[in-house]
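Listed below, chain by chain, are the residues.
There are 8 protein chains.
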Amino acid sequence: MRDAALERLLERFRAGEVDTDTVMQYIKKLPYDDLGFAKIDYHRGIRQGFAEVIYCASKTTEQVREIFRRLAERSDHVLATRANREMGMAVKDVVPKAQYHEVAGLITLGWKRTPESAAGEVAVVCAGTSDLPVAEEAAITAEIMGSSVTRVNDVGVAGLHRLLGELHRFEDARAVVVVAGMEGALASVVGGLIDKPVIAVPTSVGYGAAFGGLAALLGMLNSCASGVSVVNIDNGFGGGYAAHLIASQASAR
Amino acid sequence: MRDAALERLLERFRAGEVDTDTVMQYIKKLPYDDLGFAKIDYHRGIRQGFAEVIYCASKTTEQVREIFRRLAERSDHVLATRANREMGMAVKDVVPKAQYHEVAGLITLGWKRTPESAAGEVAVVCAGTSDLPVAEEAAITAEIMGSSVTRVNDVGVAGLHRLLGELHRFEDARAVVVVAGMEGALASVVGGLIDKPVIAVPTSVGYGAAFGGLAALLGMLNSCASGVSVVNIDNGFGGGYAAHLIASQASAR
Amino acid sequence: MRDAALERLLERFRAGEVDTDTVMQYIKKLPYDDLGFAKIDYHRGIRQGFAEVIYCASKTTEQVREIFRRLAERSDHVLATRANREMGMAVKDVVPKAQYHEVAGLITLGWKRTPESAAGEVAVVCAGTSDLPVAEEAAITAEIMGSSVTRVNDVGVAGLHRLLGELHRFEDARAVVVVAGMEGALASVVGGLIDKPVIAVPTSVGYGAAFGGLAALLGMLNSCASGVSVVNIDNGFGGGYAAHLIASQASAR
Amino acid sequence: MRDAALERLLERFRAGEVDTDTVMQYIKKLPYDDLGFAKIDYHRGIRQGFAEVIYCASKTTEQVREIFRRLAERSDHVLATRANREMGMAVKDVVPKAQYHEVAGLITLGWKRTPESAAGEVAVVCAGTSDLPVAEEAAITAEIMGSSVTRVNDVGVAGLHRLLGELHRFEDARAVVVVAGMEGALASVVGGLIDKPVIAVPTSVGYGAAFGGLAALLGMLNSCASGVSVVNIDNGFGGGYAAHLIASQASAR
Amino acid sequence: MRDAALERLLERFRAGEVDTDTVMQYIKKLPYDDLGFAKIDYHRGIRQGFAEVIYCASKTTEQVREIFRRLAERSDHVLATRANREMGMAVKDVVPKAQYHEVAGLITLGWKRTPESAAGEVAVVCAGTSDLPVAEEAAITAEIMGSSVTRVNDVGVAGLHRLLGELHRFEDARAVVVVAGMEGALASVVGGLIDKPVIAVPTSVGYGAAFGGLAALLGMLNSCASGVSVVNIDNGFGGGYAAHLIASQASAR
Amino acid sequence: MRDAALERLLERFRAGEVDTDTVMQYIKKLPYDDLGFAKIDYHRGIRQGFAEVIYCASKTTEQVREIFRRLAERSDHVLATRANREMGMAVKDVVPKAQYHEVAGLITLGWKRTPESAAGEVAVVCAGTSDLPVAEEAAITAEIMGSSVTRVNDVGVAGLHRLLGELHRFEDARAVVVVAGMEGALASVVGGLIDKPVIAVPTSVGYGAAFGGLAALLGMLNSCASGVSVVNIDNGFGGGYAAHLIASQASAR
Amino acid sequence: MRDAALERLLERFRAGEVDTDTVMQYIKKLPYDDLGFAKIDYHRGIRQGFAEVIYCASKTTEQVREIFRRLAERSDHVLATRANREMGMAVKDVVPKAQYHEVAGLITLGWKRTPESAAGEVAVVCAGTSDLPVAEEAAITAEIMGSSVTRVNDVGVAGLHRLLGELHRFEDARAVVVVAGMEGALASVVGGLIDKPVIAVPTSVGYGAAFGGLAALLGMLNSCASGVSVVNIDNGFGGGYAAHLIASQASAR
Amino acid sequence: MRDAALERLLERFRAGEVDTDTVMQYIKKLPYDDLGFAKIDYHRGIRQGFAEVIYCASKTTEQVREIFRRLAERSDHVLATRANREMGMAVKDVVPKAQYHEVAGLITLGWKRTPESAAGEVAVVCAGTSDLPVAEEAAITAEIMGSSVTRVNDVGVAGLHRLLGELHRFEDARAVVVVAGMEGALASVVGGLIDKPVIAVPTSVGYGAAFGGLAALLGMLNSCASGVSVVNIDNGFGGGYAAHLIASQASAR
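Chains as they are written, first to last, in this note's numbering: chain G, 1 to 253; chain U, 1 to 253; chain F, 1 to 253; chain L, 1 to 253; chain X, 1 to 253; chain D, 1 to 253; chain S, 1 to 253; chain E, 1 to 253.
In case anyone wonders, no lab produced these hints; they're calculated from the structure. Note that CB positions come from ideal geometry on N, CA and C, so glycine has one too. Be careful, since some hints might not be right.
Which residues of chain D face chain S? A partial, calculated answer using Cβ under 10 angstroms [as the list claims (entries may be wrong)]:
1) R8
2) L9
3) I54
4) K196
5) A242
6) Q249
Please model the complete structure; the sequences and the hints are all you need to start from.
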């Protein structure tokens, strides 16, 4: 908000130096951001404890390092996704407290891993070890945003007993992220077993007619279980973010 | 649970008529449902106020009428989706309190429409009038499940001011369902404006290269806004159901 | 085999009327079918108890009636697939013992339904009631070919306990046909629970991004369970036929 | 099965120290795996002569070596698929009896190649030399699972006489795996010539509009011959596994 | 060619009334069609015995009748494709010698069917009876253009012996049109058996994953046999036309 | 703009009754539409001579009649697209000056057809008679928006001389709409011949592998000629609208 | 135009050495290019200030250098697209005034960047930094063709206020190029806000179900805003070229 | 043909040592290849002057060298396609007369290039320089098979005059191969200009929505010109082979 300029105009208006029309015209023409739509402008960044997010995929190592450094100056929680090892090391040079997560391809500042024993508000359920990088991206995203997370790995439907044996660990979470490739059937099975919002993340794991995750994506969109919604292929960040938003509704009012 | 049989066996065991091995074997072989996994078996139906759901698309009018009648005997809330007018009339013959919703293709028992003035836990935001049937399916689904719903219609991105002017009505909902066809851009725009979970429902509205909703589906899956997840094309029920599950997490613990 | 002609030639050869070269040339030029490749020519039809099959989809009612009538004259088992009611009635006019199966769209002669109590060599497992026409097409096909069939209906993965509760009924079949639409996850779950050949039949049941059965097809092809193979969308006949062939290997040697 | 705990409870029950309700409750709450669903838990691994399978595609060389070593300690037959040469060598370092199959990308322990002269229970028929890696993956898979295998190579339909000349070698197998790329017509031709279950494996061999195996996949799914079912593109393991399951039904009862 | 005008100008030029520049300018500015590009303008219609072609699919019965009538006034051979019965009858009202071919959806004037006994320059080979309408469209097209045609029906690859038994009838044709739906394997098998140009016509016959002829189209494009080229799905006219062009090259010089 | 309220506030401010902060706060909270973004709110409708547009495809005849009637009260130019005959008649009942265009499926008020002789600012070039409905939709759209239009029909590339002969009629237009189905090659040929902005409109005309206009769409997007941009399949309105916008840039400053 | 030859013929004709027929025949057979269709032959290259364009993607560095050098000899404006650094350096060796633009992959001669302060005839609006290479390709193309360009970067719809805040900078351009990947919603939002021709350029930026730009492409083709047309994925050159053509219509008459 | 064995049997038959039945049975069981179907077995290789073909894409350099060497021993004409430079050099080591064609990726023995001045039986027409490798593959294939070839390069439809100017060079060929990427419009334009069989070869040249040649493939399949048939993407060999087959029909009888 160009407070100064508008306030001066109002002073001049009150002083009779400008007429009503002039003030009305000025207001109508105010550039949008000048109106101080703080909610829009800063709506993601200004909330306490909410992480700033950098998408590294199309950036150089230098760009990532600089952006991370600047964000780290004004925020306690910073998240960089799709980062390679080189980017991770470069960031740690300038922000020593940052951590690099190789499996998930994330760089974090201010992240705290949920203790194994905790019953997480968010559960991240993963079909196979090949899906782990996407699952970790989801889990760490939810954690740095402020949710506690329960991780349940390697419970694909080809060995149903493993899933059933772990069910008690996550059926009370507020949101469940299901990460699976191939046919993605885990989303339907989990969605049929529990009464919680399920965010399904298809992965590109699979061969031939998996078509880079298309099979899992279509499978999850057509889930015969209610309450399942889907994010983009391999988009662990999106799944973790959505799950955190859901989990945080409980205390939002 | 075949209580009687197992209890009799235990009595005989206690009486020394059968040995430990026999009991162990019997237990191991119990059919799953005999173990009384009530949570699984009835997990959706037994909760108070939760509607029973009938999918009419592949059923005859007679089947729909009968199933609805039987469910209405044991439940105060029944929902039938993808019902045509004939099905609606047939149900009302046997369940006079049932209502038929022509636009949404729903038959409901026990449904209460949220008052216009209420700030709904769930918001259903709709791009154009062609998308209204899907939006109404979502809204009524959420309402009969127990959520209050704010409806915001005709706010497609081609007339951005309308959306911005209605934003205050739904930015405090706990979950927002965005229903849009064509390119589905409304999901991204809404997702960028508010910090709430957005469930995007692509519709098959559109011509030529809309390919029956594929364009909107892909658009929503690739949304540049975080926190957007997607359900199947024209799946208003799925969108409303997921949004209700999210909204109900607040009071779930 | 043009026995007569060849035998005459051989007689003339033995009589010294024609030389070796002439016989050799004659043999080399024999038309393929004249060589009596009975195995090829009649390889499907001549085995005892094996049904003749008519595909009605692209034929007129008159054609179906005539072909069925002629086949019924020389075979005890006849099967017509994709037949509508009119075709069924027309056939019964000329072959009174024929039966028309409305749900499955089949006309049969010589078909015997497997008794409910029998443990079938083939099991046909079906996800939902919408998939029943395809499942019945599979079951009746296997039965008329000579297999006994166990039918297991309405055990989709959204209600896992139902499937687990019925597992004992079909886990000893020699081949299991799994019929499912939407995401087709049932094939993976069944394939993970039993050690038998699974023939998966995707159906076109589903909306929007099911894309006419494509989602189920891709899901089944990408099944994370081993031992699952797939036939064409809605191809119940193909599934039942393949399962019968598998089941009949046991006694084939 | 936590035998000890349950047995102790039953002893106390028999001793009158706990009542029937307590035992009933305990049984109902038993974790799934505690019920000793050996069939589920170990259902693939515990049968004599059945190989353990490792999927190497998403694992490091170290992981493959370690998993193979541990499986080799408790099983005489181990199979690792999609293994590169480095993995093969690393496994041989710790399990000297293991073999690496370069063409097929497999590592095996306890594998015996079927003699050329044997009439295999499983036949693996291959269209061209480019399809050989997938065909070998199928053949070795079936062999290590316990089937004898007849290999028939380079009999694509462009030279039909070669296929016809080899037909006698495999028409008595109990299951036939047909491996073909490009248009995949071999599956239809073989399926039309023999009365055996055919498992078709499309390969990604081909250029341009083969679209990575899609043309062969669609061709095989639409086979005009009955009795053909299909597995994923390039999935030789899946084809060999399904064929072995079929072949083993003969002696299964 | 506006002969008169140009000739007058040249006369005036010769008479010295206009100068060279004027003539040069005039020539440069001649409208394209005025230059008498007869080859272009009439290149298809002016050759003796070559049919005029009307595509009826997007025309009204009245339009078809009128266009056919006018063409019949100046040509002995007229062909109308994709015509329904009503159009056929309407044309016969005004051109009594015209014939309507119901199976193929064609109206012809001046068509002579090739005698059964003749060895055609063009062969039309058809996989199944469902493909007959497309095959007849091809055959009649080639005939009315001037080729003699051999028809070979119902020789799909599922019964290979039938094809082999008919091979002698068409292996000497100058061009072979292969019409097949489902997986379209017939094109590859025929292409592998004979050394003639093969024009493959995929048909939309087939179910589910045939995707309206896509499976056959891709199969034919990826044919492992050399010398196969492909036209659009169900485009019998295109196949017959191309085959006629090929066959007519023999006498074209 | 709620002029009254804001002006009263400003008066009170000038009168010293409210302080600067109050005014500032009031301004910041003004609803978007209250700010009088006339450009946004009415940006399409308020310009003189610019038509109001109704999309009829998803509306009832009653809705179309009412909306048209109301728009006709406040505007001299109204356009309704995708209207059927019944809608056209219904509108003419209430707005007698309206015209219904059967071929193009349009209802217009205030439309004037460009005289044949005029050199239009916009040219609409059409490949075949089957594409005429889309071409007319484009031409009438541009005309009612205020452009003069040259129509060039039936100049598909299969008869190149016709196109070359008509080139002089449209090569001076300011924008050229090219309407073509099948392979859509006309866009490339026209784009290569003239130095004007070309808007290509693919149509769904074509069979088999035209896939409902996909072939033409992809062809036009990949045009080897520069200056070609593309709108949705069969979207004549979009093509005419874009061309009018381009043509009107000339006088826009 | 082979002026000499034709003129000589005309002289001989005037001299009575050849008759009218001979001249007529000669004229009819003139090769097309001999007729001096300068408009066609040189139609793109001969206009003052219009750049020559080289497409480098399929050329060697040597070819690019040579072609550029030769064009630079006869033209003041040369543009090479899809050039890598090595090509850029090689060209500068022989044409020292050439510039290489690394981000856009362009080599230019005679290019002048529009000053920041200028209100461009063409605006290039870009959703995110990942889309910048394509946007720069568009901007520089328009500039070297002769348009002035306003660049507006990083105004994706996820942060709507940024777009609204920059709107005044480009709403008066004559043509607006919108460059966006992911879901491409920016085209619809911009198209809804301004009354100018919008050329949408989808980019391949995005992951998973973006399918290499397909999602953005379909989104833009289905834009709910009128006046949006689309060019090929990542085709910045095409977008800039089309926009320049549009902008140049204003002064074209 | 196992002449000896059969002849001995016939001798014994004539000598009365075996009876008619024995001979009949023997003949029926003759393996297919034993019947001496020389036409099938060698049908491609045995004709004079017809090249042997090796497809190198899936072979090692050693394999290519050995196969080429062996074929060169028994044939004067050998063709290897999709060969890289290393393969070319390796072959020249062992077959010094062989030639390597870098652009086309071919190795040839016995190839003679058609003189520039000759009017070829086959014409290979190419849209752009990027399509040249595929065009050369087609041209050399036709030449080594025995056709004379006219090459016409760089006549894409964006510069129509070049194509028209070259038309006289190839309009008398017996078969025309049209090689084009991007939208592939050249096939339609050529097909519309000449009355010869056109074999269209789509290439993968193009960006974004060319989708690896899909756009050109669909464009060519939907050609509005009659007489155009299509081979696989980038399949120059297939195009040249088909054209040679067509051209050779003239002298085939």
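Here is what the structure says about each hint:
1. R8: At 28 angstroms from the nearest chain S Cβ, R8 (chain D) fails the 10 angstroms test, so the hint is violated.
2. L9: 24 angstroms, violated
3. I54: Violated, about 13 angstroms.
4. K196: Hint holds; K196 (chain D) Cβ to chain S Cβ min 7 angstroms, cut 10 angstroms.
5. A242: 5 angstroms, holds
6. Q249: 4 angstroms, holds
Against the hints set out earlier in the document, violations occur for numbers 1, 2, 3.
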